[in-house]
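*Asks:* Protein chains in written order, with this note's numbering: chain A, 1 to 305; chain B, 1 to 307.
Hint data in this document are derived by calculation from the structure and do not stem from the laboratory.
Just so you have them, the derived chain A footprint on chain B, three or more residues with Cβ under 8 Å:
{"id": "1", "region": "51-60"}
{"id": "2", "region": "71-82"}
{"id": "3", "region": "207-214"}
{"id": "4", "region": "238-245"}
{"id": "5", "region": "257-266"}
{"id": "6", "region": "271-281"}
For clarity, every value in this text was computed on a predicted model and none was experimentally measured. We put the CB at the ideal spot given by N, CA and C, even for glycine.
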Amino acid sequence: MTAATVLDVGSPSSKQKQSLWRYWRGNLKGSEFTWALAFSVPYIAVFVAFVAYPVFYGLWMGSDPALYSDVFSDVIYQDTVVNTLVFVVLGVNLKLFLALLLSGVFMRPGWVTKVMLMLFVLPWAVPQLPAFISLHWMLNGEWGLLNNALWILGGIEGPSWLNERWTALGAAIASHIWKWTPFWTVILLAGRMSIPQDIYDAAKVDGATGLNRFLFVTFPLLANLYLVLTLLATIFLLGDFNTVFFVTGGGPNNETHLLATLGVRNAFDLARPDLGVAVVMTALPVLIPLVIILMRKLRTAEVQL
Amino acid sequence: MSTQSFTAPQAVAIGPRSGAAGRRGRIARRWRYATSAGLAVLYAVLLVWTFMPIYNIVMIALEHEGDVYGNNILPVQPSLDSFWVVFTQGYWYLENFWHQFGNTVFIAGMVTFLVLLIASMTSFTVGRMRLRNGWLITNAALLTYVIPASFLAIPFYLIMNHYGLANNPWSVIAALVTFATPYAIFIFQEYGRSIPIELDESARIDGASPLVIYLRIYLPLMAPALVAVGTYALLLAWNEYLYQFLLLSDKRNMTVPVALAQFLNSDQAPWNYMMATAIIYALPPLATYYAFRNRMSSGLTMGGVKG
Chain A
1 MTAATVLDVG
11 SPSSKQKQSL
21 WRYWRGNLKG
31 SEFTWALAFS
41 VPYIAVFVAF
51 VAYPVFYGLW
61 MGSDPALYSD
71 VFSDVIYQDT
81 VVNTLVFVVL
91 GVNLKLFLAL
101 LLSGVFMRPG
111 WVTKVMLMLF
121 VLPWAVPQLP
131 AFISLHWMLN
141 GEWGLLNNAL
151 WILGGIEGPS
161 WLNERWTALG
171 AAIASHIWKW
181 TPFWTVILLA
191 GRMSIPQDIY
201 DAAKVDGATG
211 LNRFLFVTFP
221 LLANLYLVLT
231 LLATIFLLGD
241 FNTVFFVTGG
251 GPNNETHLLA
261 TLGVRNAFDL
271 ARPDLGVAVV
281 MTALPVLIPL
291 VIILMRKLRT
301 AEVQL
Chain B
1 MSTQSFTAPQ
11 AVAIGPRSGA
21 AGRRGRIARR
31 WRYATSAGLA
41 VLYAVLLVWT
51 FMPIYNIVMI
61 ALEHEGDVYG
71 NNILPVQPSL
81 DSFWVVFTQG
91 YWYLENFWHQ
101 FGNTVFIAGM
111 VTFLVLLIAS
121 MTSFTVGRMR
131 LRNGWLITNA
141 ALLTYVIPAS
151 FLAIPFYLIM
161 NHYGLANNPW
171 SVIAALVTFA
181 TPYAIFIFQE
191 YGRSIPIELD
201 ESARIDGASP
211 LVIYLRIYLP
221 LMAPALVAVG
231 TYALLLAWNE
241 YLYQFLLLSD
251 KRNMTVPVAL
261 AQFLNSDQAP
271 WNYMMATAII
281 YALPPLATYY
291 AFRNRMSSGL
301 TMGGVKG
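Can you make the complete structure from the sequences, with help from the hints?
*Replies:* This is the structure:
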């Protein structure tokens with residue numbers, strides 16, 4: 001080893017270049033290395049042209065500090081931050097907790113469960129746009145199906161869901177939960193199915209049944225998966241555009257925007273792209289730590305058993 | 001002998017239901033009834049919750065325009081007129097419907113093809129050829145996967161103008177390929193681990209070039225993953241809205257979701273035509289989804305969870 005180092009130190013620069021070349025090539029022989037490069041060029045090109053460049057362009061656009069005083073003094077932006085927090089906290093947790101419980105229900109044997117699962121995943125299978133447009137009309141205070149049903153079946157006069165800030169935000173959260181719970185349920189169902197039956201058998205011998213079985217066997221085994229899903233769901237939800245854009249349209253009076261919809265509104269409706277980018281950029285202090293934690297978790301953690 | 005002593009108490013429990021054992025049996029039975037009753041209620045609630053918005057689309061699509069503005073919960077005089085209007089492009093908002101449908105098919109098809117091609121080539125070099133520092137590529141992909149696409153929309157839109165791709169379907173294809181490829185790379189990496197590397201090595205010793213290994217060994221063995229990812233990319237491209245809305249503004253190169261949303265913004269939206277359009281637009285992805293459901297969800301769990 002030491003001999004090699006001494007030799008390396010003494011070698012001329014051309015040899016150093018060669019060893020660097022060899023380092024990059026790894027164990028690939030001449031033509032194979034060319035193939036490997038040729039095969040990886042398309043993705044590298046896509047990444048540079050359509051991810052790296054937009055990211056740096058966006059950072060450059062949002063680099064003017066004066067923009068941020070404009071953003072922070074905007075009342076709509078202040079509402080948006082509150083909305084985003086409420087949306088994330090309620091949306092992510094309700095959705096995942098429901099998914100966790102329902103995945104347990106769908107573990108039951110029998111054809112009824114199978115059919116139910118097939119029907120239950122329908123909201124996930126329907127494209128977002130028709131689903132959210134339908135929800136928008138369904139929640140209409142005057143002519144919507146929900147209030148008609150409430151009136152005809154229960155004699156209750158429902159509120160104009162989309163005309164008041166908190167009911168509108170609630171409607172958007174409920175729509176989001178309606179659309180995405182099936183997706184997370186299917187993932188958690190797969191997680192539960194990967195728990196070997198003998199662990200349950202052993203737990204049964206030790207007297208763990210019902211709730212105890214869930215608390216002391218299932219949940220600890222799913223905890224890591226559940227955490228990763230929470231992080232992933234948070235990031236996906238932070239970037240959610242379609243739900244609010246179609247269900248509430250950001251209204252009434254721009255009171256139910258999320259960061260993504262407000263960014264697009266500023267950039268295109270107000271023709272202030274820099275202001276739109278700045279709005280989105282204010283999510284970075286939250287987004288970057290989440291991304292770092294998630295990237296570590298995704299790389300190292302499998303469903304831990 | 002020992003088996004006998006184990007079975008004996010059970011036989012007693014099954015027999016005459018009296019005393020402690022009988023009571024336990026009754027409690028167990030009652031508990032079972034309660035569970036199945038609770039389950040029935042839960043399923044009923046779930047069905048109402050799941051189907052209400054879907055029923056709403058179908059009901060409005062079956063109604064006449066005037067009846068949409070009513071307080072009924074069942075369609076008045078149901079008819080398929082709205083579907084006919086959409087099929088024959090018989091309303092001025094729908095005059096380019098089939099052309100726009102074709103645009104959607106073209107974009108979804110190209111995205112699926114390019115995602116499969118680029119992602120399989122990348123994961124072949126990183127996972128099979130073991131390109132040194134291939135982890136850089138995988139991490140770049142992972143990073144793209146966790147950045148919300150909507151956050152990049154504004155700079156992406158401006159950059160497409162720099163590239164001269166404004167109002168061009170290829171800008172949408174580029175965007176969707178960018179955001180679908182990372183996930184495809186994970187799935188391929190994950191699935192590729194189950195294929196023994198010795199296959200590649202023996203082919204290599206026999207003098208096969210990487211291209212031959214890729215085409216003759218890698219791709220055929222990856223077929224299940226290709227199907228899963230292909231379905232994913234197809235649905236993603238078909239269902240995506242934001243980028244299509246920002247990048248396509250011309251009536252002739254617009255896609256169905258963009259046209260549908262334009263409908264929503266017009267003053268007098270004919271809701272029955274809109275819902276009929278929505279149903280026709282939603283049917284192909286629904287059919288694809290249910291056809292490939294099992295493969296898709298196993299793929300999703302692989303990538304969405306393990307990474």
